[in-house]
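Trainee: Each chain, written out:
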Amino acid sequence: MATIPLHRVNVLTGIKGATILEDPGQFTKQIAKAKRPLLVLGPRLLEWSLDGKIVLEYALDIAKAANIPICATSHLKGKLTELGVTPDSVYDVVEIVNALKDPDWKGVKGEGNHDLVIFFGIRSDLQNQCLSVLKHFAFGHLKTMTLDKYYFPHADFSLNNIRKDKDWKAFLEDLTKSLQTKS
Amino acid sequence: MSEKKEMRDLVEKLTKKQEEIRELIKAEIEWEPVGPTPMPEVADLRNWDMRLLKTYKPWYAPFCDLCCLCTYGKCDLTQDRRGACGIDIGTQQARIVLLACLMGCSAHAAHAGHILEYLIDRYGPDKKIDLGTFIEVEAPNIRTVTGLKPETLGDLKNAIEYVYKEITHLLDSTHFGQEGSALDYESKALHASMLDHVGMEVADIAQIVGFNYPTSVADTPLVEMGWGSIDKSKPVILVVGHNPATSTVVIDYLRENGLEDKIEVCGICCTALETTRYSDKAKIVGPLSRQLFFVRTGIADVIMTDEQCINTNMPEEASKVGSALIATLDKAMYGLEDATEMDTDEIIKRMTENKEHFAILEPAKAAEVAAKVAMKIAPQRKKELLSEEEAKKLAEKCTDCGICERACPNLFSIGDGITEMAKGNFEPMKELFNLCIGCGKCERECPQGVPIFRLMQVAASKETWKVRAGRGAVMDTEIRKVGAPITLGTIPGIVAFVGCSNWPDIRDIAEMVDEFARRKYIVVLTGCSAMVAGIWKDKEGRTVYEKYPPDFDAGGVVNIGSCVSNAHISGAAIKIANIFASLPLRANYEVIADYVLNRVGACGVAWGAMSQKAASIGTGFNRLGVPVILGPHSSKYRRLYLSRKEEDDWTVMDARKRELVDTGEPSPEHLAYVAETKEKAMIMIPKLCIRKNDTPQGRSIKLNHYISLYKKYMGGGLPEDLHLYIRRAADIPLVYRKEVMPYLEKIGWKPKEPVGLPTLIGTYPSKVSIDSVIH
Ligand code: SF4
Ligand code: SF4
Ligand code: SF4
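Quick mapping for you: the protein sequence lines, in order, are chains P and U. If you're matching positions, the first sequence starts at 15 in the working numbering and goes up one per residue. If you're matching positions, the second sequence starts at 18 in the working numbering and goes up one per residue.
Mixed in with the good hints there might be a few duds.
[Said to hold, decoys possible] 16 Å max Cα-Cα, derived EDC-like pairs, lysine to aspartate or glutamate:
#1 P:Lys123 x U:Glu663
#2 P:Lys120 x U:Glu664
#3 U:Lys728 x P:Glu96
#4 U:Lys182 x U:Glu37
[As the list claims (entries may be wrong)] Among the chain U residues that face chain P by a calculated CB cut under 10 Å, a handful are:
#5 Leu83
#6 Leu428
#7 Lys458
#8 Met699
If you are wondering where the hints come from, they were derived from the structure by calculation, not from laboratory data. Ideal placement from N, C-alpha and C gives every residue a C-beta, glycine not left out.
With the hints as constraints, model all of the structure from the sequences given.
Mentor: As structure tokens, then:
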């Protein structure tokens, strides 16, 4: 049976669902393949914490490990500034998705549109809808990935639903390590 | 037949059609010259739509990759696939959006039609429309769209029949093998939604005239809200839905029989708002999101449903708690026996003795039955609500399995509150109750049968709040006063909080209202949003309705009314073009929408939009040139209208100089936009109130709010797109000049001339001439 997303509102009514990757190494491989990846970060990263550290900090570790540019959505920029990080771009999620749809977009670095977009920390119904936009209208030029602890059927690559926070934490830390080793 | 004759016939036919329209709109009465589009048909405003859609392109987020609308399906439309009929995924989304807008439009139009029929039956078609001393432009939407100036209830019938006709044509286009272009479906959705504002206007004008609702007045009574405000020692009648035909008759019955102080009448959703426009003794339980919660308390002795947004399982819900149910409208009869012709005593007997529910479609009869049944069964009602001790016991059944979180459309775990409750800690549940949109999915899914809604009784605040009763249309005198400051920009904007209760947090609306009223925006509200704006008190114990004046003026907080009252908000924007700018309205939609888009700094916020009606209300605002910010759930509507500020062409015509000007200014930036958080919405609202017409003084006021809200929620810095909105140094707010000037220099900003009279007319093919936008 197909995997059911944790939040039932995201159940796939369709045929093409995400490939589930379990192992950080598989994620690293996909990220390494990309020429111009982008990390789109959302406000839920401020609400979630793992072992007393907000998940935003795990996300930043990942960005740093693989030198991936960041797009800060919603009001995330405030916390980033506080942490001494300047995001490469600030858009709301529907706006960055709108730009990503366009194969000729210049990208957040002005070096051309991205070929891999990693979504992390947007409320899951909105994130899945945004992934749907890209699945249907940007499949020719870009792949999508998620790092939240839920299955997102509209992504190309997604984690499975993770029950225990300690497993998710281990995944995020291992991914950071794996990306560091790779670069 | 020769080609010539065919042509002649065609011309004759067209003229005949035009003649018919001229008759319907009483063209011979020359209150204004008849404009280019009287009673426009599906394609008549298409050029305007296509111009809007060129800048604000549809953004499709398919919610379902399949189509199952005919027996060729299911068809997989993923990516570049097409269905057997040839449709692609984008066009399919647009088709579904059109269907949603048509559902919304027809709900209001049928509501309007029903009210009209009822009132014409009561008063005759010649009953005059009189909205009071201060409202002469009584029907701005009807005037602008159809070209008719309605003077009587009978005239309103002409307007609503036009809407019915158009709905048929639009619905037809969704059939198998019709429209094949997403943009054309969008144009049709915009048409349907414009019609929705006509339908809503018909409904509310009829209600105001027929039920003597407040009109031409700002300080309507403050009414009580909250389930704690209901006197449970009395028999309680609950009205749910949107159509006041029955609830007003209930009030009449109670008044005539000296029962007004003996029976409580309370309401949920718009019928609550409607009933409080009729009687300030009626009470508002709360928005739609409190429907199931309240029904399951069993406090209501009799539940009367009318139409729209009612739980479709109401008979069963009522039976579970021993409430009696009367369905009063043919829209929702729930399979109940139609007792309209039955003897009243017989109905009462069967309802009280056999616990049967009925449909009664005659308001006077339904009212009498409701009152009598309520009085009979109230003494048997179980009056005690759940105690904390009982709640704790029930909560212990919870195994913390997490299934409720999976089911929850607001994506949170009510189970977390329940496990804490089992430990005797009630605080988390109180907090979580604010996030609950009342869908009931959690309780239905819970494998342990935990009665989650009953447990909410101990968490729900018994506090009571005040809401100002809906006041209907904005007065012409108010428009005259604010017209100049709005179009010059010195009043920074009109912010309209509208729509349903599918929000991330029930407290968001009040917080946003307070922020913008304090900043001297004009804040207007309708529907569920109007109710929950009252669910907050300042340190002095005042709700926003008590804290701010009720005037349509800078810093005012105005409850316009129910869902159908939204037509008075679009109407206010239209009236600015007419009363302040002297543009004729009659059948002149394109000119008026262009004026609103370029010069009226208004922004809608449908934070909890959920229903199809909200889809058509919002899309109707869009066609009129008013941008709408939606809450995060609304990405499930499947379609937004977004621009790309750096890439899009922001050229307008300067109507005075008659030259095209590339402004580079994305104002308004989007037409239908989803914000993920209220913080982001608060930053977008001031930005979406910016218009090209702003004077330097007005622009600097608007930018002041944009920058200060950006700093507040983004933790400092300047908005990334600020430079796009600064035309000359005079646009920069004084307080930020020291910070902004060096930034502009750094990025190589160059000043540009503001446009004298910005318009899109002249930038696309249109029958309308540039002359017609000059007033
Ligand atoms: S309407 Fe078209 S896409 Fe839908 S099921 Fe029929 S053939 Fe397939
Ligand atoms: S579904 Fe029921 S048992 Fe499971 S966590 Fe929620 S309330 Fe508890
Ligand atoms: S009723 Fe409230 S808590 Fe339960 S699923 Fe619906 S929104 Fe969530």
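Trainee: Does each hint fit the structure? Answer for all of them.
Mentor: Evaluation of the provided hints:
no.: 1; hint: P:Lys123 x U:Glu663; result: holds (14 Å)
no.: 2; hint: P:Lys120 x U:Glu664; result: holds (10 Å)
no.: 3; hint: U:Lys728 x P:Glu96; result: holds (13 Å)
no.: 4; hint: U:Lys182 x U:Glu37; result: holds (14 Å)
no.: 5; hint: Leu83; result: holds (6 Å)
no.: 6; hint: Leu428; result: holds (5 Å)
no.: 7; hint: Lys458; result: holds (8 Å)
no.: 8; hint: Met699; result: holds (9 Å)
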